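K.L.:
Take the two lone chains, each set in its own frame, and fit them into one complex as the hints suggest.
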Amino acid sequence: GNSVTQMEGPVTLSEEAFLTINCTYTATGYPSLFWYVQYPGEGLQLLLKATKADDKGSNKGFEATYRKETTSFHLEKGSVQVSDSAVYFCALSDSRGGFKTIFGAGTRLFVKA
Amino acid sequence: IAGITQAPTSQILAAGRRMTLRCTQDMRHNAMYWYRQDLGLGLRLIHYSNTAGTTGKGEVPDGYSVSRANTDDFPLTLASAVPSQTSVYFCASSPDLGETQYFGPGTRLLVL
Numbered sequence: 015g016n017s018v019t020q021m022e023g024p025v026t027l028s029e030e031a032f033l034t035i036n037c038t039y040t041a042t043g044y045p046s047l048f049w050y051v052q053y054p055g056e057g058l059q060l061l062l063k064a065t066k067a068d069d070k071g072s073n074k075g076f077e078a079t080y081r082k083e084t085t086s087f088h089l090e091k092g093s094v095q096v097s098d099s100a101v102y103f104c105a106l107s108d109s110r111g112g113f114k115t116i117f118g119a120g121t122r123l124f125v126k127a
Numbered sequence: 016i017a018g019i020t021q022a023p024t025s026q027i028l029a030a031g032r033r034m035t036l037r038c039t040q041d042m043r044h045n046a047m048y049w050y051r052q053d054l055g056l057g058l059r060l061i062h063y064s065n066t067a068g069t070t071g072k073g074e075v076p077d078g079y080s081v082s083r084a085n086t087d088d089f090p091l092t093l094a095s096a097v098p099s100q101t102s103v104y105f106c107a108s109s110p111d112l113g114e115t116q117y118f119g120p121g122t123r124l125l126v127l
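Order-wise, the sequence lines are chains A and B.
Everything in the first sequence is counted per our numbering, starting at 15 for the first residue and increasing by one.
Everything in the second sequence is counted per our numbering, starting at 16 for the first residue and increasing by one.
The following block holds chain B by itself, in its conformation from the complex (with noise of 0.2 Å):
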């Protein structure tokens, strides 16, 4: 069993570019969550999925967009990435929201 899991592992960018980190889970999970994770921030939610066909705004959702076609993939894309989303990323899903999260391995984006 995969779990979840994103790609890619780590990533440098030039600022401007557009990008878009994947993240699958075979759980059957009906929610799903993106995070980001900065030296001595903690986590912050960035856009998140109670179901598939729907999204909603986390906390930081600025410069983001995500999708959620399918049960099982919710992508994250940086229209036009900057400096300041240098970060590492981080995937999560749920059975249900606000039950136990199940994290992916997480992928590490530097923005020049």
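Looking at chain A on its own, in the form it has when it is part of the complex (with noise of 0.2 Å):
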């Protein structure tokens, strides 16, 4: 069945260091991927998606690009700052799987001034 597997956390970091936060899936077809994040207290929102190979998905000066050949989706963004300290979820949607969409366990990223 599909899944989903990113780095277990916390990460914690320095402001302005650079941030990668692994995310790799299993699918049988040829999946949808997204990053959420979550702020303290708050739901989760779609930060960046990418729906077919090769695609980068990008926001808020986060990237991530859709590598079929590794079956990544790695998330990354050059200068971190305080604001960004939140929890990170990788998912997946597939046509193979109901298009339900499948969370990885979540990854919290801590930003230190």
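It is worth saying that the hints were derived from the structure and are not from the lab.
Fair warning: there could be bad hints in the mix.
As the list claims (entries may be wrong) - No farther apart than 25 Å at their CA atoms in a straight line, the calculated lysine to any residue pairs in the SDA-like style are these: (1) A:K114 / B:G18; (2) A:K114 / A:R81; (3) A:K114 / B:P76.
Note that this is a predicted model, so its numbers are computed, not measured.
P.N.:
Below, the structure is given as structure tokens:
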């Protein structure tokens, strides 16, 4: 079946450091891939997405590239800010999975000033 | 535009009591979802609906029921609450199944 695996947290970085959060997936079809972010006390919100191989999603300085050959969708940001402290979820939806969205376990990011 | 709203914001409930969590969206989305989020376990899908009048079971449906009488509302009912149902509950909607989901602010439920 479909699954999403993302790196365990928490990840602690200093402000302006480079961020990578790894995400790999297993899917039987050609899934759409998503990164959602959850700020403290709030619901999840879409950060970026990619719908086909080699697409790059980007938003708020974050980027992720859909790599079919490595079944990965790693999240990157060149210079993190304290306000980026949140939990990040990788997710996929696949037509062969009935389009149900599968979420990873989440990675908590702490950014120190 | 309100988006998606949930009520109540939080609730303390005695075990054995019946409780309905409300969820309303004004985006005319076809699909709606209920998730629970427990510490360290990420999101788990309880029930979903891909259009008004139809519902489906998610990963952890036991002890919960839903209905989808119209496009906008998707209430979640706990028929007889148990302490293991203590969690944060999120409702979400998307234009159709598998598309970007929009989440409500959550309901924090404590069952004693």
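K.L.:
All hints, please: hold or fail.
P.N.:
For each hint, the structure was consulted:
no., hint, in the structure
1, A:K114 / B:G18, "21 Å, holds"
2, A:K114 / A:R81, "21 Å, holds"
3, A:K114 / B:P76, "15 Å, holds"
Figure legend: structure checked against the earlier numbered hints; every hint is met.
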